[in-house]
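Peer 1: Chains as they are written, first to last, in the numbering used here: chain A, 1 to 259; chain B, 260 to 518.
Since the hints were derived computationally from the structure, they do not count as laboratory data.
There could be a bad hint or two in this list.
Said to hold, decoys possible - Listed next, the in silico SDA-like pairs over lysine to any residue satisfying Cα-Cα at most 25 Å (straight line):
no., chain 1, residue 1, chain 2, residue 2
1, A, Lys46, B, Gln325
2, B, Lys432, A, Asn139
3, A, Lys21, B, Ile366
Number of protein chains: 2
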Amino acid sequence: MEPLYIIKVGGSIIDDASNLKTFLAAFARIQGKKILVHGGGKIATKLAADLSIPQQMVDGRRITDQETLKVVTMVYAGWINKQLVAQLNALASPSIGICGADASIIIAHKRKHPNIDFGFVGDVDQVQTDLLLSLLQNNLNIIIAPITQDESGQLLNTNADTIAQEIAKAMSKHAATTLVYSFEKKGVLKDVNDEHSVIPTIDQALYQQLKEQHSIFAGMIPKLDNAFAAISSGVSKVIIGDAMELSELINGKSGTTIS
Amino acid sequence: MEPLYIIKVGGSIIDDASNLKTFLAAFARIQGKKILVHGGGKIATKLAADLSIPQQMVDGRRITDQETLKVVTMVYAGWINKQLVAQLNALASPSIGICGADASIIIAHKRKHPNIDFGFVGDVDQVQTDLLLSLLQNNLNIIIAPITQDESGQLLNTNADTIAQEIAKAMSKHAATTLVYSFEKKGVLKDVNDEHSVIPTIDQALYQQLKEQHSIFAGMIPKLDNAFAAISSGVSKVIIGDAMELSELINGKSGTTIS
């Protein structure tokens, strides 16, 4: 198969119509097969507020009771997913929008945690690639909302970064796969206060060195650990950077490439 | 291809968890290829009320301003579509949920009306069958939410009965297609006040006779006109009846069969 790009786009891009338009135009222009994974947290948070559904975040994860599950399913799999699809179709970049529950492409289970009840939050067990391969071979972009289900048919709110990573790992058995985390930052910074200090490439050796020198922002360590885990599972490279420079990220002219 | 069933399920079934469970179990048991078209009007109306978005209906159609479009897209393509998918998957009846915008399976345009501005309401121009055929050949049920888009990427709220009919017409070129309208009524009644007066079969000759005798409920005439239009476009038969008796409808043991 052609090279495959799996692109996660962060919520702050989706919240801004003009940024989203710029991002989607660049996405449509990428040559090769493409999967886009999105969230939409701020729109969900606003809808929950409008409906007076209290929201609680623990470790950056949304505690998902029944009413919150309904909100995130409506916002992610409904409003945002179909907006992205319709805009890409209008750009002559044919797209289909699904979530992890569709055709059981992702099998998940309700998170078990010793101390915290996250509610209807899912952790990924397995990615089934058959439908994804078939849709890509039909020359469709696949737009994925971060909702999954368990075997009983319970929908589950699931982290979009994790979904992008798990799909990239599974698809790397079938295609040269690049995983892109695009958001509002320029990449991995040497100096967290200096947006111009982006480290262009990081390999395992440099990563160890940066960690030993404590010259890497602590909040970036889990992201980089995940990136190296993806690479050791067969993903060709992982790119982290600014969603407003998607073409440059893909070409290695912007952001941080991990390989 | 195997026989194809295109089933529209009415909103009052979706509103009731127990009725929905009964319906989906029967749907999962149908032999052959299956497409399910759903609405979800009452849930959308309730969400609009919870968000204090005023709703206005004209001739049974929802005037769809920007905020209402968001509500119906969230409810139909998000919450309801993914609930149906997850429940069918859990019944080992693999299903994918999409809307008319996905892969541009339906091309629509914003309704033009001389006197009434319906807002973001779509009328269907064309159904593209490629993706539908490919998904059915992958042994997936297709669950379709009644949201479409126009060529500019504008999402449009679109009548689910019409979508079911247009898909049935287009698919009848590829498979022996049965179109089922399942809802809370027993079928076409000879006496509108007597649920036991279901007319089991209606052909063109009987329909003319019933109309001349004025022995058919006026509200049923557009539905029957549509059914005969579908048949003259190649659909094998149209069945109208009780969603709680789906197996019997398919077998001709319940409801009204139009052919």
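Peer 1: Tell me the hint numbers this structure goes against, listed in increasing order.
Peer 2: No numbers; nothing is violated.
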